[in-house]
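Given the structure of chain A, go ahead and fit chains B and C onto it with the hints provided.
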Amino acid sequence: MNITINGTPQQLSSEKNLTDIVASFCKQSRHVITELNGTIIHSDQWPQTKLQDGDALELVTFVGGG
Amino acid sequence: MMTYQQIRNILEDRSPASVEALAQQAAQLTRQQFGRAISLYGPIYLSNFCSSHCTYCGFNSHNKIQRLKMTPEQYRKEMQHIHGQGIRNIIMLTGESYKHTPLEYLKEAAGIASEYFQSIALEVHPMEIAEYKELFAAGVDGITVYQETYDRTRYAQVHLSGYKKDYDFRYGTAARAAEAGMRQVSLGILLGLSNVVEDVYALYQHLRELEKSFPGVDYGVSFPRLRPVKTENLAVCDVDDIQFVKIIALTRLLFPRVSISLSTREAPKLRDHLLEIAITRMSAGSNTSVGGYTLLEEKDQDPQFDIKDERSVDEIVQLLKSKNFDPVFTDWRHIENSL
Amino acid sequence: MTDSPLVIAGKSFSSRFLLGTGKFKNKQDLRDSIIASKSEIVTVALRRIDLERHEENILEYIPKHVTLLTNTSGARNAQEAVRIARLAKASGCGNWVKIEVINDSKYLLPDNQETIKATEILAAEGFIVLPYISPDLYAARALVKAGAATVMPLGSFIGSNLGLKTREFIQVLINEIDLPIIVDAGIGAPSQAAEAMEMGAAAVLANTAVATAQNPVALAHAFALAVEAGRLAYLSGLPLQQSLAKASSPLTGFLYDDVSAN
Numbered sequence: 000m001n002i003t004i005n006g007t008p009q010q011l012s013s014e015k016n017l018t019d020i021v022a023s024f025c026k027q028s029r030h031v032i033t034e035l036n037g038t039i040i041h042s043d044q045w046p047q048t049k050l051q052d053g054d055a056l057e058l059v060t061f062v063g064g065g
Numbered sequence: 000m001m002t003y004q005q006i007r008n009i010l011e012d013r014s015p016a017s018v019e020a021l022a023q024q025a026a027q028l029t030r031q032q033f034g035r036a037i038s039l040y041g042p043i044y045l046s047n048f049c050s051s052h053c054t055y056c057g058f059n060s061h062n063k064i065q066r067l068k069m070t071p072e073q074y075r076k077e078m079q080h081i082h083g084q085g086i087r088n089i090i091m092l093t094g095e096s097y098k099h100t101p102l103e104y105l106k107e108a109a110g111i112a113s114e115y116f117q118s119i120a121l122e123v124h125p126m127e128i129a130e131y132k133e134l135f136a137a138g139v140d141g142i143t144v145y146q147e148t149y150d151r152t153r154y155a156q157v158h159l160s161g162y163k164k165d166y167d168f169r170y171g172t173a174a175r176a177a178e179a180g181m182r183q184v185s186l187g188i189l190l191g192l193s194n195v196v197e198d199v200y201a202l203y204q205h206l207r208e209l210e211k212s213f214p215g216v217d218y219g220v221s222f223p224r225l226r227p228v229k230t231e232n233l234a235v236c237d238v239d240d241i242q243f244v245k246i247i248a249l250t251r252l253l254f255p256r257v258s259i260s261l262s263t264r265e266a267p268k269l270r271d272h273l274l275e276i277a278i279t280r281m282s283a284g285s286n287t288s289v290g291g292y293t294l295l296e297e298k299d300q301d302p303q304f305d306i307k308d309e310r311s312v313d314e315i316v317q318l319l320k321s322k323n324f325d326p327v328f329t330d331w332r333h334i335e336n337s338l
Numbered sequence: 000m001t002d003s004p005l006v007i008a009g010k011s012f013s014s015r016f017l018l019g020t021g022k023f024k025n026k027q028d029l030r031d032s033i034i035a036s037k038s039e040i041v042t043v044a045l046r047r048i049d050l051e052r053h054e055e056n057i058l059e060y061i062p063k064h065v066t067l068l069t070n071t072s073g074a075r076n077a078q079e080a081v082r083i084a085r086l087a088k089a090s091g092c093g094n095w096v097k098i099e100v101i102n103d104s105k106y107l108l109p110d111n112q113e114t115i116k117a118t119e120i121l122a123a124e125g126f127i128v129l130p131y132i133s134p135d136l137y138a139a140r141a142l143v144k145a146g147a148a149t150v151m152p153l154g155s156f157i158g159s160n161l162g163l164k165t166r167e168f169i170q171v172l173i174n175e176i177d178l179p180i181i182v183d184a185g186i187g188a189p190s191q192a193a194e195a196m197e198m199g200a201a202a203v204l205a206n207t208a209v210a211t212a213q214n215p216v217a218l219a220h221a222f223a224l225a226v227e228a229g230r231l232a233y234l235s236g237l238p239l240q241q242s243l244a245k246a247s248s249p250l251t252g253f254l255y256d257d258v259s260a261n
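Residue numbers (numbering that gives the first Met the number 0), protein chains in the order written: chain A, 0 to 65; chain B, 0 to 338; chain C, 0 to 261.
Take every hint as true, because none was put in to throw you off.
Think about it this way: if two alpha-carbon atoms lie no more than 16 Å apart in a straight line, the pair counts; the simulated EDC-like pairs of lysine to aspartate or glutamate are:
no.: 1; chain 1: A; residue 1: K26; chain 2: C; residue 2: D49
no.: 2; chain 1: B; residue 1: K268; chain 2: C; residue 2: D256
no.: 3; chain 1: B; residue 1: K132; chain 2: B; residue 2: E178
no.: 4; chain 1: B; residue 1: K211; chain 2: C; residue 2: D135
Have a look at the derived ranges for each label pair, beta carbon to beta carbon:
no.: 5; chain 1: B; residue 1: Q31; chain 2: C; residue 2: R47; range: 50 to 56 Å
no.: 6; chain 1: C; residue 1: N214; chain 2: B; residue 2: Q204; range: 46 to 52 Å
no.: 7; chain 1: C; residue 1: Q78; chain 2: B; residue 2: T329; range: 46 to 52 Å
no.: 8; chain 1: B; residue 1: Q31; chain 2: C; residue 2: S3; range: 33 to 39 Å
Pulled from the structure, derived: some chain A residues nowhere near chain C, Cβ distances all over 12 Å:
no.: 9; residue: M0
no.: 10; residue: S13
no.: 11; residue: D19
no.: 12; residue: K49
no.: 13; residue: D52
Calculated from the structure, these hints are not laboratory results.
Fair warning: this is a prediction, and the values are worked out from it, not measured in the lab.
For each residue, glycine too, the CB sits at the ideal point set by N, CA and C.
Okay, chain A solo, but in the shape it has when bound (with noise of 0.2 Å):
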């Protein structure tokens, strides 16, 4: 399926879930942020969260600001 992940399109197998899918894409999982198509989504809703063809995922973290 065809998605976009910060903005960028990527090409995932539809069977990952959102764990996954942050696994995959980030060094690690604490302090990642999720919203998908404009919604946030907590870490406890990541296993049962699955994508679809279309769908806009922001990941999100903590950097250094004033």
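Chains B and C in isolation, oriented as in the chain A frame:
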């Protein structure tokens, strides 16, 4: 805001140099904030019926004076006289009596006063917000209420009976008036009634509270000094001219935008000098008796306090102009009092 | 003489210096600076994860006892700020948010109006909101009403190190607003932080000065000392400065003219 100790130090330092320095600072600040404009106003005593027994007041309920309450026809004549003198800002006073001078009486007076005066203030008994809203709609834009003293013990000693006994209700009046939409609210303490430093400090606290809660209101302060009424003198301490000047100057420093008025209780010479320091409002051509302008002969009058400055409005205007002040009779004219 | 703690939304802090974590050369410097500054509140930001490069997790470098204050930097309006705040909350790292709404790339001045809107929404959702604004009394009053936990007026432009250009306006807020006033932005030197504290500010936030210093850790320590010194000076009751008015003619000679005065 200064601490109590700082205020006390300033007020207790009587050295000529420190008095002069304080006065100079106050004068500069007053000029910066107000220019040389001095607002003129006149009082009218509508009624001296009073249900409160305040030991220091000529109108107190236990005093045997002729009790008068003017009818609309009578006070209209008085107002015409005051208007004829040039006054356009009036303060209407009564003794404290819900019974004799109820809300309807005051509203009617405000209505008639509106025909002659641009700004109408009231100094009467403390009322509820709803009543102040009605008065505001009727044309009153200012409320004056002096706590007299903020010392509860002393307050209880000098307010022996009547509504005025209620310290808290009186204290809350300024806030209620502000909330009801009044444009001007004036506070004051009767100097000499209690410990001066404590009362001045408490007054400042009260004013700060109001400034924060109702920032859009124009605040005024007054420092009447306890004066003999006919013969008695009820002061616990004497506030001499030096301390009086310091209090006024300090008030200006701490509250640059507050209106400071000086009534005709004070002698002409002192009034003239204080004009140069921090005063921004003066009464002129005043009479403090009910019907004193047109109804009663002088010998029949019972003044609330004895007047020291008997100069007429014209004389005051002359004085102000000679000192390069700008006598102002009307600051603004309301079109409709609404929130 | 001991100070009372800084209390924000019911939580007590012994340090009145907040440190921003942006612009540091490396993360070890950041960690050492936080410790040297004794800060108990630091700001962080949110960013999309760089999928190509695997950045270290900044939170690993922030001591555990420190409260995280997520800055909504990047938000150009209230809605964007609200979105960022909700994302931060979803991390489980707390609900303290510094609202920074900037739609001005030239001066980086905050949009007070949008900040007020965001504050209303987020405070209602239970966030602890620390809004960053241009010092304006009306805006500050609106923020109090909107449920802000503090007000954070800027001292001067972000990153400018110009100090308290807005000092008179900050003083007005300190005088009139009954929330902790935390001076933020433009603090370039410990002396400026001390000055803000002497004026009566509840706390000071600095970032660029420390992060871009040659020795950030040492400067962080200096800021800690300066904020303490300024606070102590304020509590000790600084002597009132006599502004010497130029005397024209004497105003009070009359009081001493005749012995029978009064």
